[in-house]
Every structure is written in C-alpha cells, then in structure tokens.
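Participant: Could you build all of it, start to finish, from the sequences and the hints given here?
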Amino acid sequence: MPAQEKDLAADVALAARKWQKKRGALIMVLHEIQGRLGYVPREIALELSKQMNVPLARIYEVLTFYNFFELEPPAKYVISGCMGTACYLKGTPQILQEFGRLLGIEVGQTTPDGKFSLTTVRCVGCCGQAPVILVNGEVKSKVSPKDVPHILAECTD
Amino acid sequence: MAGTAIRTIRAKLNGIEVEVPEGTTILAAAEQVHLKIPTLCKHPDLPPTAACGICIVRVKGTSQMPRACCTPLEEGMEIVTHDPEIVEIRRKVLELILSKHPNECLTCGRNGTCELQRLASDFSIREQSLPYIVPDLPVDQSTRTIVLEPRKCIACGRCLTVCQDLQNVWALSFLERGIDTRMAPAGDILLADSPCISCGQCSAHCPTGAIFEYDETEKAWELLRDPDLHCVVQIAPAVRVAIGEAFGYPPGTNLTGKLYAALRYMGFDTVFDTNFGADVTIMEEGTEFVKRFQENQGELPLITSCCPAWVDFMEKYHSDMIEHFSSCKSPHEIVGVLTKTYYCEKRGLDPSKVRVVSIMPCTAKKYEIQRSDDMFASGHQDVDLSLTTRELARMIKQAGIDFASLPEGDADPMLGLYTGAGTIFGTSGGVLEAAFRTAHKLLTGEEFDAIEFHPARGLHGVKEARISVLGKEVRVAVAHGMGHVEEVLDRVRAAKESGDEPAYHMIEVMACPGGCIGGGGQPYGITDSVRKQRAAGLYRDDREREFRRSHENPYVQTLYASYLGKPLSERAHRLLHNSYKPRPTYRR
Amino acid sequence: MTKLQKDELETIAERRRAKRTDWITVGMGSCGLAAGADAVFRALQDGARERGLELDIRKTGCVGACHAEPLVEVDVQGAPRTLYGHVKPEWVDLILDSHVTLKRVVQRLAVPEIAEQRRTCNDHPQPEANRQFKIVTRNCGLVDPEDLEDYIAFGGYQALRRCLFELSPEEVVEEVESSGLRGRGGAGFSTGLKWRLTREAAGREKFIVCNGDEGDPGAYMDRSVLEGDPFSVIEGMTIAAYAIGANEGYLYIRAEYPLAVARIEAAIRSAKLAGLLGRNILGTDFSLNLEVRLGAGAFVCGEETALIASIEGKRGTPRPRPPYPSVSGLWGGPTCINNVETLANIPPILSNGAQWFRSIGTERSPGTKVFALTGKVRRPGLVEIPMGTPLRVVVEEIGGGALPGRTIKAVQTGGPSGGVIPAALLDTPVTYEDLAELGSMMGSGGMIVMDDEDSIVDITRFYLGFCVEESCGKCAPCRIGGRQMLTILERLAEGRGRPEDLDQLRQISKTMKAASLCGLGKSAPNPVLSTLRFFPEEYQRAISASRSNA
Ligand SMILES: Cc1cc2nc3c(=O)[nH]c(=O)nc-3n(C[C@H](O)[C@H](O)[C@H](O)COP(=O)(O)O)c2cc1C
Ligand code: SF4
Ligand code: SF4
Ligand code: SF4
Ligand code: SF4
Ligand code: SF4
Ligand code: SF4
Ligand code: SF4
Ligand code: SF4
Ligand code: FES
Ligand code: FES
Ligand code: FES
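Residue numbers (the working numbering), protein chains in the order written: chain A, 350 to 506; chain B, 20 to 607; chain C, 5 to 554.
Derived from the structure by calculation, the hints contain no laboratory data.
Okay, the calculated beta carbon distance ranges per label pair:
1. G336(C) x R244(B): 56 to 64 angstroms
2. D155(B) x D507(C): 25 to 33 angstroms
3. D462(A) x A83(C): 54 to 62 angstroms
4. R244(B) x P503(C): 52 to 60 angstroms
5. D101(C) x T505(A): 31 to 39 angstroms
6. R500(C) x D506(A): 45 to 53 angstroms
7. S391(B) x N402(A): 25 to 33 angstroms
8. D360(A) x G477(B): 43 to 51 angstroms
9. G336(C) x D547(B): 23 to 31 angstroms
10. T505(A) x G409(C): 38 to 46 angstroms
11. G336(C) x V106(B): 34 to 42 angstroms
12. E107(B) x D462(A): 51 to 59 angstroms
13. P540(C) x E146(B): 22 to 30 angstroms
Pulled a few chain C residues facing chain B out of the computed Cβ check, cut under 8 angstroms:
14. R323
15. P481
16. T515
Note that beta-carbon positions come from the ideal geometry of N, C-alpha and C, so glycine has one too.
Facilitator: See the structure below:
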C-alpha cells in the first residue's frame, strides 16, 4: 500500500475506533473525516464500509442525503452566502451576484484554478447580523455588495 | 407480548362494521369488507413504505387523512375510504407522479403489467395539466440480468426494502434527496460493479418498468429461426406452477404438459426438463453428503449450491464457507452439459450446432450460464440462453399460441423424465427433502419410510430439523431469502470456532423467499399466499409422480449405467461439478 | 470538581455570589463573535491587566440585542449597572477609565432601551405589560456558559435537586402536566402528556432526546440558549430523563452551530465531573448519560422520526406515525423528544412550581415564547414575551418598528411552515390558537418582518423553494408537488403568471396538505395559502402583468 493510502486507512481506523462502541455513529464518523479532509473520498468510503461493517450503499445514501457532506475536494476558499430568510430579505442574492461577477462563476461553481467556490447555506443563526456570508466557515456580518472586493482581497496565502 | 391475548378492534369503514385484531391496518380491514383502497407504493408482500400517499382515507369528523396502508385501525374509528374530495386528491397525487414519469408505455417492458399504468387507467387520467419534469438518467444494462431504468422510478422504495432488508445485499440505494431522489447502486456505479447478486427480487416487486429482467426473447427467436441449429429447451421446476398466472390460471396450476407443447410449437427441436437435472443433482449431492457424513471426507455441514444468486452472495460475503459448498452444479447446468455431451453423443449431433435454452424462474441464471469456465465443461457454453418465466410468457403470446386450449405435450424422456424429488426442487426445503430421500437410501440401504419431510416445508425464514439415521442425529437447516442466511452461518461459525460438533450437517439455501417458486423472474404479484399455492402445486406434482425418489428415475439409472459410471466418478466430476472463489463486493 | 452531593449546591451558589462583586460581561454568542466581540473581550482583559483592576471579566452568551452587538455590560460598585452596545475595541479604554475607574457611565455608548427590556424570572416573579419576560433566556447574557458554578450561582440545579429528593418521577410528570407547558418545537403538544406516554410505554431502554436542529431559516432561539445557557438545557433533560425513566439521552444539534456544540459538549463534561450527569447523580441511584449528535444540513431532520433515523446513522427520512416515538423511537425504545426551548423551561417550572408558570401567558398557552425577530425592523434580536402578547408589541415596542421611511407590510411566523400575517392584523395575540386561526403557526419562533419594499409573491416563492430543497423526497406529494408549485411561483414572481395558475396552486396545496407523509410537506403550502388569502392583489398583479405584456 502506498504511504498516503496507509495514512488514509489509519485515519479511518482511528475515527471508526473512536466511535465503534456507539450506536448509529456513521454520521459522526463522516463528520470527522470531512473535518479532516474537507470531503469524503471514495476510497475512504470503501474503507469505512469495511471498518464499520456498514454497507457502502448506506454510506452513499447518507453522504448524498445531507447537504453538509462533499464528495469532491473543496476549493481553497469556500464562500457561502446565507440564504436564510433574514439574510435573503436583506440582500444576500445581490451579494452573491457581486461575488459571481467578480469571480466569473455562478453559485454552485468553483473557479478553474480551484481557489474559490461559491455556495449557499441556510441560516447560521446570526440572523440579527443579516446579511451574513461565510468564508471557510467564518462569519462576516452585515455585508454589503460594496464589501465584496475587500473580502476577496483578504483571501490570500 | 407473550401471554396477552390480542385485543379486538371494532370500527366502521364507510359505515360497515368491522372487527379486526389490534394492529390491523385500515387497508387490511377494508379488504375484509370488500372495499378496495387504491395503493401504489404498498406491495402486499412487503412492509409499507408509505411513499405515495394514494391510499389516504378520512377519519370521519376530523381533518385527519391517514394512509390506509400503514395506519392501524383504532377502536371506534369511523373511516371514509371514498368521497369526492379523497378521489380528487388521489387523482392529483397520480397526476403529480405522472408529471415526473416518461410517457413511454408503448415501448416499456411493463406495458400491460404496470401498476402505475393500471392506476392511470382506473382514475381516467385524460390530460396532463402539469409540465413534465422527467430527469435524464441513463439505463443500466451492465449485469445482463437486471436492467435499471431509473427514469421510470417512482421512488416507491419497494426495491430497497427487498434488496436491503429482505436480501441484505445492499446493491441498491436511494441517492440524493427531494426531487432529485434516485434509485441507484451505491455512489452511482454500475450495477455490475455493485454487490448485486442478480436475484431479481427487486424486479419482481417493482411496480413499474424501472427495474426489469434483461430481455433476451429476441435472442431466443434468433436461435429458433436459424435452420442450422438444433434447439433444446428445458423448464425449471418452479416455472410450471407459475406461468399460468400470465394466462389467467390461479397460482399453483401445474401446466407442464401445455408448456412442453407450447415449446415444441415455438420451434424447439427437443424438450427436456430441468427436473431431470435435479434428479442428477441429488445423485451427486446425496453421494457427496454421504461421503462427508459417513467417511469424514470434507467439511460439514454440506451447503447446497444450486441457486446462483446464493453462490454469488457466498462468494462475495461468506467466502469462508467455500469448503462447505457442494461442488455440484445446478440442475439446469447439468441438463445443459449433458445435452451437449451425452445427448449429442447418443443422437449423433454436433454439439457446436446445438443450443440449449433454459426457462427459469430466475434472473440470476442469466449470470450463472457464464459465471466461470466450469460452465463450458462440454467444450461449448453448456447453456446458451436463460429466459425467465415472464419472458417465456411473452414469447408464447408473440407466437400466437392459445395457451388455454393447447393440448398437453410430452418431454423427451432421455433428459426429460423426472421424479417427484426433482420437481420439489423448486420450493424452499425441496432440495433438502429430495436429497434426504436419496441419502437415506445411500446411508442405510433402505428407503426413508416417511417419504414426505414436513419440517423442511413452509415459509418460515429458517427451518430446522433433526432426524435420526442409524442411531446418529442428522441436523438440517433450510434458509431462504438472503436476509435469513446470516443467522444460520453464524451458528456454523460459532460451532466451528468453539470446536463443537457441527451445528448442522446439511443446509439448503435459496436466495428468493419461498425458493424458486418465488423467483425473481416469475410472474408479477408475488405474495405469501401465492408462494403457498405455487409450492402446493409442486407438492401435488410430487405426489402424482410414478417415481418420487431421484435414484428411482430409470433415465437417471441409464445415464449412470451407460455414461457417467457412478456418482462422483471422474467423468461426473468433470461435467457436473464446479468450484468457487472469493469475489470482491465492489469492483470500484 | 469532585462529585457534588445534595447539600453542596447551596454552598457553591453562596460562595460564588459572594465572590461576584465588580464584573464585566461580553456577549459572545456566535453572532456576537461575528460582530467582533472577541477583540473587545481581549482588549478588556488587556486593559484591566494594564490598569491592575480587580475585575471579573466574563464571556456570556446571547444578550438578545443582536442589532447592537458587540454588547458589553459593566456592573461595578459606585456606578449604575450599564449595558453598552456596538462596542469597538478602541472604546474599551474609555469604558475602563471612565466607568470602572471614575465610576462615570459613558452615556454616549449605553443602550438603555435594551437594558430596560430585561425582566427575567430570576429577579421578577411576574411579567410587566409590553415588556419582555425571560424564563427560557433568563440566564442568557448573564451567566458564563462555560462555568457550571456560575450556573449554580444563578439558581441552577435547584430544580433537579427538588426532583431527585422531593418528588417521585410520577410527581414530576404531574407537575409538568399541570404547568400546561406545550412543546416549543412547533406543534405545541403537551409536554407533560408526552412525558407520561413515554413513561408508561413498555420498553427496556428509554431515551430522552433534545431537538436542537433548528432548521427554520431566520431563527436562532435554540442556538442562543444552547450557547448562552447550556446547563439549563442539560438540567431540563436530566429532569425529563428522571421523569420518564431514561438513562441515556442525545442532543441532536445542527452542524451549522459549532459554538453551540462546543459549549454543550463542554457543559456535559463539567456536569459529569461534578456528578450531575453520569452514574449516581447527586449521590442518588439515578444515572444518565448524554451524548451530542450532529445534524448535517437537512431541515427535515428536525421532524422527530427523521431525527431518530439520523441519530441511528441513516438518511433522515420521516416514517409514518403511529407508532409515535414515545412508544417506539430510537432503536425501537420509547423516546421522548423535546425541543431546546421546551427543556430550558423545565428548571424554572420545577423550581417555581406549575402554578407560577400557569400565571404567565394565557389559559391554553401558558408561559413565554422566544422569538427571533428579524427582517425589516430597527432592533432585530432575540425576544422573549409572555404568550398572548400582541404581535404589535413585539414588532413596534420591542423591535422599534419599521425602518426609517418604510411601512411594515406583514409579519411572517412559523418559518417555511407558517404563514404571513398582514400588518392590519398585528393586534393578534401570540398564542398557538390565534396564529393557527390565521393560517400561520407558532412554529419554532422565527418572526420576520416585511415592509413595503418586499414582494409577497417573491417571499412565498422563497419559502417554497426552501421546502423543495429540503424535501426528503420520500413521498410523492411533497417531492413532486412542491417542485411543480415552485415552477408556478417562479413564473408568478417574474410577472409571467397565467390565469389558471392560482387554481393549480390551490389544488396542489390541498393535495400536499392531505397526502404528504410528514409535517414538512403538509405545511409547505401554508405560506402559499396564507398569502393567497391575504394578498390576492399581489398575485393578480403578477398575472395581469404578463397579460399586458402579451
Ligand atoms: C419539517 C419539520 C421540522 C421540524 N424542525 C424542528 C426543529 O428544528 N426543532 C424542533 O424542536 N422541532 C422541530 N420539529 C418538530 C418536531 O418534530 C417535534 O415535534 C418537536 O421536536 C417536539 O418537541 P416539543 O414537544 O418540545 O416541541 C419539526 C417538525 C417538522 C415536521
Ligand atoms: S413504467 Fe408503466 S407507466 Fe411508465 S412507461 Fe412503463 S408501462 Fe408506462
Ligand atoms: S393506449 Fe392510447 S396511446 Fe397507447 S397505444 Fe393505445 S391508443 Fe395509443
Ligand atoms: S437483483 Fe437482487 S441483489 Fe440485485 S439489486 Fe435486485 S434485489 Fe438487489
Ligand atoms: S425502482 Fe421500482 S421498486 Fe424501486 S423505488 Fe423505483 S419504482 Fe419502486
Ligand atoms: S434450484 Fe431453482 S433455478 Fe435452480 S434449477 Fe432448481 S428450480 Fe431452477
Ligand atoms: S432461489 Fe431460485 S429463482 Fe431465486 S435466485 Fe435462486 S435459483 Fe434463482
Ligand atoms: S442573539 Fe443577539 S444578543 Fe445573542 S449573541 Fe446573538 S447577536 Fe448577541
Ligand atoms: S412530506 Fe416531504 S419531507 Fe416529509 S416525508 Fe414526504 S417528501 Fe419527505
Ligand atoms: S438567515 Fe442568515 S443567518 Fe439566519
Ligand atoms: S445577530 Fe446573531 S443572533 Fe442576533
Ligand atoms: S400505498 Fe399507502 S402510501 Fe403508498
């Protein structure tokens, strides 16, 4: 086994072992894997199926049901506009449009260089700060389209 | 709860009083008083999935509209099953479903047998006021046994209940959610790359044309049309008691004679019977058992291997059991290989010009005929084509045969005459019972006096029995439906690990609930009552046979005397036996 | 902390109260953090250290005044307790020098209108008219959510102590039953009755589950409580578990709330260390283990049977009821599922008694309700009001009314399952019954204000779009009906409506309400039906616009 895959298997084994005594832990294990890798690769799903004795079909049923899980590696900067009601009313669509215009992509897409992707979330509970956007999970509050170039400029390294 | 008597519920349906045991659904209660509530996702054979909403009824005096298929009737309830509003809602549900369904009945495999089409007809759906939103999803024919056509899926969930809960295979799943919900193998691979064992139970339960047997009727016609070919056909035990359902006969009607006649009429040159092969299987498997039991040659328990879906399941999930498997081929493969060797030799036919077509209750047989090199033991593919009962029914109709008025015909006896033991192969417990009839003779030199072995019969998921033979206890088990296999195998493993006596001496396993009579390629509408009737048909056939034990079959005796020698002889081994290997569950 | 015994709670509380003299709190809920509270907190710590001030600087959860975040509250001897809003790190020096050192309140930064609204059941036995009254959020913004002793100092765990040592489980159920508390997760089912059913159900293993999925977009009541006062939820669950006979419990929290998850997990750990969870709680023979399970972005998982499936590690698809979870839930065992807010009500009810609780709110809807007031109001925030308070009070008095130069058009309650209430009906009292009568519902507590700039048809399309995206896809009426309705609403929102559209919307709505399997599909048409009822002219305009174009 190549070293990298060995690490992968070890990672899965670790996550699986941590939860092995708990019932119904599949989703928690997937959270852990996604937390580490940003997505759930197929090899991991296969490995997990063996380690946890859960059918692969069940794993994919779960992975594709829940919005949170990704099957592809994420972009370096994931920009998510909150499309909860409060943020929607206060202008998330306009902000997303501005991001899209500057990045040349639409919501749901990733820039060709893999640096930015544009998505939506449903309310992160900061509705009083609406409209909010998330950059790699970090909440930016009371955003206006004018702030967009600035936010993009901060995404360097 | 143990000991407590089940309460009786009194309620009213459309004003009619009913009394039913507690827990009875509104749907079942309605049936008792001859009210028919429309259903779509509910299959009488399966627990409710509650997915369609067509079966809603009204609780009088409330705003509640429960689903009849999954809601238990409660004391004092007054249910209205039909009123203009309910019908309007049901029709709208149907319209919604049809708006996400391709309008392709004419070219659909389920044209005429489709439950959705039937409802659309019953509800006089005459227009579609909603735009079509049919997804563009590819057809998957990769297994060449089962075809998935997910565009036609109405997400009733039956196939998942079957494949995941009943069969414990988990080849199919629902992916995504909402309007994008799709029936697909895990992670969008091809079915052939999934753990699918081709049992076809999904196709037997799907209400629509979304899962379908791989149709090879045209290939069969091609063979029959070719003047240079000598076409041989055989029919499996379970086919004869089920095919009638496609022609309006009640389940269990034994139509062997008509089938022979129809097959000849269609142009088959020789008509054999898989039941003969079953008799040979018993000779081989019975002898194998005796060797293992009496002479300690090989592992106990001996596990039956005539169900290819089970073989596939074992190779994928339980390969530690390989040494327990009988190496004997399945009956139709035996007829196939003997046709291209023994029969050709005796008749002076060139086996390269002979084609063998099997008519099977089974979709997995389509896979089996090419599953390994062993299936080419004659030097040719032993069985060239395997059709399901449903395909044959369609061919009979295409051939313009008036099945009902057809006089009975005969099989060619050389590989066609069969015993009662051969015929009961088609039902769960039958292989074990048949094997025992012969093994007893082989072990004791005497016939098993009570020829019928009732503990092996019936629809209980796992059946167990102990029989005393020559002062020794023989423990046997019968499992059918892949979901029931695990518990039996676990007992075998536990005994093995602790070094105890083997948990069993012989185990019969069939992938389909009820065995082949409930096979994935049988006519639609399987329920336990249909299973019982079909099984009863086979047991009746058994009782009416001149010979009821495989070793009594004169043509089997001739076969051994003139060609094979003894069971397990070198030639028998080469032609009638095969081997197994572990297979990966996911190829990708 | 060593495992606590019965009588040590009081000692801790007193010790803590004595210690608490001069203090500053910083609101550090996730939104406070998003607004920059962390920098303010650090500046305060640095400033205090530099000045050598003896100050208890504490992180708290939600204060409830989201519009004025970051919020800092200062209480030092010699100066009135003061709440500062919109605090920036650069103002910290001023606050420390002026307020803390010179005892002079910085009036310019104070937000008295918020402080004025704060009436909590900890120090006020009864609500006052037109004011908030905090039972559920009594500790939010006051207590340090990461400090168990602080919670105890605010009266925490007195209720559990009373239950374990003075009441039998049956008596606890009776008390909750007679309080009239109704589930705050939306449906308003009697909590006491639910406990009774679970208690009386046969089953070896029973479970208590806290529903912290809060999928309603634009609502964050549960997040604020989980983040701001986690022990209150845990105490509520512990009491519930004692009452129904469960020894195992789960908190199902949405993954979008990482801070809530972290705070709850920390709280479970400290409660366990203190012997308030785990084996032999407070030295009795009652034991309870709690575990957190994360949601993963599926609104439908708030529905109780879907939530169960999700905890079991499956797709979150609902199943038919009966059997209800109280009879057959998690792994087939009787399971009591309660909302976060419901559970946070439990400790005050058991400390102060059912009669006290009944005296607040209305006859059929006792107690308070927390709302997340957002949208087009001046002071969006988290508000808690006695049931029966008119909507107008919430929107105008507490929320400060319309934004400058605008007029309020409608208020939406109940989120995607609720309805839109036109401004003309703002005098409607907030109770389960009154909202249902208007075709809306209490829901979990989202309250979104719309003004003359907002298009009713567009907002309806928005809500339906949400339900379509969140439909689990299990049942045909919701899966396909929602999508077909959305197509029509998209057309209408773009002004391309057809005359037959409204009829079609009504027909599909009726079908979805009747034939959908779960509450999501059954209530998804509510926004459509309520807007068709109250704003027919906006729909007509969408149709005639397309006709005049043609
Ligand atoms: C689609 C749907 C979403 C729901 N979401 C939530 C939720 O986010 N939080 C919640 O507490 N209850 C939610 N519920 C209600 C729960 O099913 C359940 O009634 C509630 O958790 C019971 O707790 P309670 O009695 O304390 O209100 C939802 C119901 C439906 C149908
Ligand atoms: S599945 Fe049924 S309704 Fe659909 S095209 Fe085929 S026959 Fe017609
Ligand atoms: S059913 Fe109707 S559409 Fe189909 S073939 Fe007959 S006439 Fe044509
Ligand atoms: S054929 Fe059998 S194993 Fe294959 S998908 Fe269908 S039910 Fe599952
Ligand atoms: S494939 Fe058939 S059985 Fe399976 S969900 Fe779709 S319609 Fe139902
Ligand atoms: S076991 Fe079933 S499929 Fe196999 S040969 Fe016998 S009847 Fe046919
Ligand atoms: S039980 Fe019979 S019909 Fe079913 S898969 Fe096995 S051999 Fe085929
Ligand atoms: S809800 Fe409001 S007060 Fe509470 S933390 Fe969030 S912003 Fe602050
Ligand atoms: S109503 Fe919607 S969310 Fe609920 S079960 Fe049906 S499809 Fe799923
Ligand atoms: S609506 Fe955007 S955070 Fe809630
Ligand atoms: S601003 Fe986030 S909850 Fe108020
Ligand atoms: S038949 Fe009852 S829901 Fe489909």
